[in-house]
Amino acid sequence: MAIGDLKTDKGLKELNRFLADRSYIEGWQPSQADVAVFEALGNAALGSNPHVQRWYTHIKSYEHKSLPGVKKVPSILGGTETAPPPKAAKPADDDDDVDLFGSDEEEDAEAAKVREERLKAYAEKKSKKPTLIAKSSIVLDVKPWDDETDMKEMEKHVRSISMDGLVWGASKLVPVGYGINKLQIMCVVEDDKVSVDLLVEEIQNFEDFVQSVDIAAFNKI
Amino acid sequence: MVLCSVECVQRVSQYLRIPPGNLYMSENNILASDDILPNQCVEGFSAIVQALIMNSTSPARHLGSDTEKQALTRQWLEYAVLRINYADNALNSKRILRDLNDALKSSPYITGTEMTLADVVSYHLLHGIVKDLSQQEKAQYVNISRWFDNIQQDDEIRQKLQLVNFDLLNLYL
Numbered sequence: 001m002a003i004g005d006l007k008t009d010k011g012l013k014e015l016n017r018f019l020a021d022r023s024y025i026e027g028w029q030p031s032q033a034d035v036a037v038f039e040a041l042g043n044a045a046l047g048s049n050p051h052v053q054r055w056y057t058h059i060k061s062y063e064h065k066s067l068p069g070v071k072k073v074p075s076i077l078g079g080t081e082t083a084p085p086p087k088a089a090k091p092a093d094d095d096d097d098v099d100l101f102g103s104d105e106e107e108d109a110e111a112a113k114v115r116e117e118r119l120k121a122y123a124e125k126k127s128k129k130p131t132l133i134a135k136s137s138i139v140l141d142v143k144p145w146d147d148e149t150d151m152k153e154m155e156k157h158v159r160s161i162s163m164d165g166l167v168w169g170a171s172k173l174v175p176v177g178y179g180i181n182k183l184q185i186m187c188v189v190e191d192d193k194v195s196v197d198l199l200v201e202e203i204q205n206f207e208d209f210v211q212s213v214d215i216a217a218f219n220k221i
Numbered sequence: 001m002v003l004c005s006v007e008c009v010q011r012v013s014q015y016l017r018i019p020p021g022n023l024y025m026s027e028n029n030i031l032a033s034d035d036i037l038p039n040q041c042v043e044g045f046s047a048i049v050q051a052l053i054m055n056s057t058s059p060a061r062h063l064g065s066d067t068e069k070q071a072l073t074r075q076w077l078e079y080a081v082l083r084i085n086y087a088d089n090a091l092n093s094k095r096i097l098r099d100l101n102d103a104l105k106s107s108p109y110i111t112g113t114e115m116t117l118a119d120v121v122s123y124h125l126l127h128g129i130v131k132d133l134s135q136q137e138k139a140q141y142v143n144i145s146r147w148f149d150n151i152q153q154d155d156e157i158r159q160k161l162q163l164v165n166f167d168l169l170n171l172y173l
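For the protein sequence lines, the chains are A and B, in the order given.
So in full-length UniProt numbering, spot 209 of the first sequence is number 209, and the numbers just go up one at a time.
So in full-length UniProt numbering, spot 153 of the second sequence is number 153, and the numbers just go up one at a time.
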C-alpha cells in the first residue's frame, strides 16, 4: 500500500485508513519510519482524521532521535531509497580518524546520480498521470432583436456551434416582457479547450437573430 | 464465572517475573494472595496486581511515569475488576468493547501513549472475547483490534495464548 502526497486531503485520508488498524507505520513499536512520516506531515492540518490524529500525538510524545531503526522514506510513502546520511550530525573530530571508506565521496556522487535518476523517473511517471480535467457549467442568456425573431431557428443556430470540449445542455425560453422571450441555454465546457469569450462571440455572429449574449451563471464543476 | 481469576494473575505475574505467592479464593469469593507482601494477606485482583507491580524491577514502567498516569492505570485496573471481569456474558461484553473502543480512539494504549500493566491485564482478560469476534465485529471495534494486535505481538505478554488474526481487517473497514 502506498500513500500519496501527505499535503493533500486525499493523502491524509489514505494515511488515516492505513493507521486505522495499525499503531505504528512499521512494525509494533515506534521507529524512525514513524518519524519520517511525522516529518513529512510537517505542520499540515490533520482535519477530521481521528487515526492520524491519534498517531500524531502519540509520536509527538517521543524523543525522535531515540527511536530505533534507520531513517528512510518508508515504503508506504513509495520511497525505497535512504535519506542522505546524517553526516553533518557527526562530530568534527571524526575526520581525523583513519578513512576506512576511501571511496566515500565517489559513492556519494553515485548515490546522488541514482537519486536524480529516480526523481526524474518519478516526475515522468507523475506527468503521465491523467490530470483532472477542469470543466465549467455555463448558463447563457441569448436575447433576440424583437418579438418577431424565430426563437426555434435561433436555438438551432446556437446549437450548431460545435467545438472540441463543448457540450450543449438543456434550454428554455424565458419571457422578458412585451412578448419577447430570451433563450436560456446550458452548456458544459472543458476550461482548457474552450474559450468562453470565443463562444459568446460565435453566438453573436448570428446577427440576424441575436441581439446580445450574457453569461447568466458560470460554475466550476 | 468471572475473568479476573487466579489464572489471570498467574499470567500477569509470569510477565512481571514475580512469583504470585499463594493464590486462593477467600470465603467471600475474593481473590487473595498470602506471600506477595511480607506477613500480609493481599485481597482483591487490583490490589494483588498492584502489589506485583511494586515488587517488580521497574514499577514506573508498568504503572506509569508520573503520578497522573499511575492514577489512570489504577483506575483502569479497577475498571478491569468491576467491568471487564464480567465480560464473559454477551450483553456485558458488547458494552465493554464499546467503552474500550472509545477509550482507545485517541490513544494507542489504554492509559495514553505509554504501555502499562492496564494494557497487559486488559489483554489477558479480553483475549477469550476478542478471539471469538467475527471479522465484521473486529472492524466495528477497530480501535480495540489495533490495540490488541499491537499488544499481542510481544511474546512475553502473549505467552501461550493464541495469536488472534487481524490480517483481513482492512477489507472490512
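Each hint should be verified, as a subset may be incorrect.
To be verified - Derived PhoX-like pairs: lysine-lysine, alpha-carbon spacing no greater than 20 Å straight-line: (1) A:K72 with A:K60; (2) A:K125 with A:K7; (3) A:K220 with A:K193; (4) B:K69 with A:K13; (5) A:K65 with A:K7; (6) A:K60 with B:K160; (7) A:K60 with A:K135; (8) A:K60 with B:K105; (9) A:K143 with A:K156.
What the hints assert, rightly or not - Between beta-carbon pairs, the in silico distance windows are: (10) B:R95 with A:W168: 56 to 66 Å; (11) B:D102 with A:K7: 51 to 61 Å; (12) B:S26 with A:K13: 50 to 60 Å; (13) B:S58 with A:V73: 27 to 37 Å.
It is worth saying that the hints were derived from the structure and are not from the lab.
Owing to the predicted nature of the structure, the values given are computational and were not obtained by experimental measurement.
Ideal Cβ positions, reconstructed from N, Cα and C, are used throughout, including at glycine.
Going down the list of hints, with the structure as the test:
1. A:K72 with A:K60: Satisfied, since the Cα-Cα distance of roughly 18 Å is no more than 20 Å.
2. A:K125 with A:K7: holds, 19 Å
3. A:K220 with A:K193: holds, 14 Å
4. B:K69 with A:K13: violated, 31 Å
5. A:K65 with A:K7: Distance of about 24 Å is beyond 20 Å: violated.
6. A:K60 with B:K160: Violated. K60 of chain A to K160 of chain B sits at ~34 Å, over the 20 Å cutoff.
7. A:K60 with A:K135: violated, 42 Å
8. A:K60 with B:K105: holds, 17 Å
9. A:K143 with A:K156: Answer holds: K143 of chain A to K156 of chain A is near 14 Å, not above 20 Å.
10. B:R95 with A:W168: 56 to 66 Å: holds, 60 Å
11. B:D102 with A:K7: 51 to 61 Å: violated, 31 Å
12. B:S26 with A:K13: 50 to 60 Å: Hint holds: Cβ distance 54 Å, inside 50 to 60 Å.
13. B:S58 with A:V73: 27 to 37 Å: With Cβ atoms ~35 Å apart, the hint holds.
Violation of the numbered hints given earlier is confined to hints 4, 5, 6, 7, 11; the remaining hints are satisfied by the structure.
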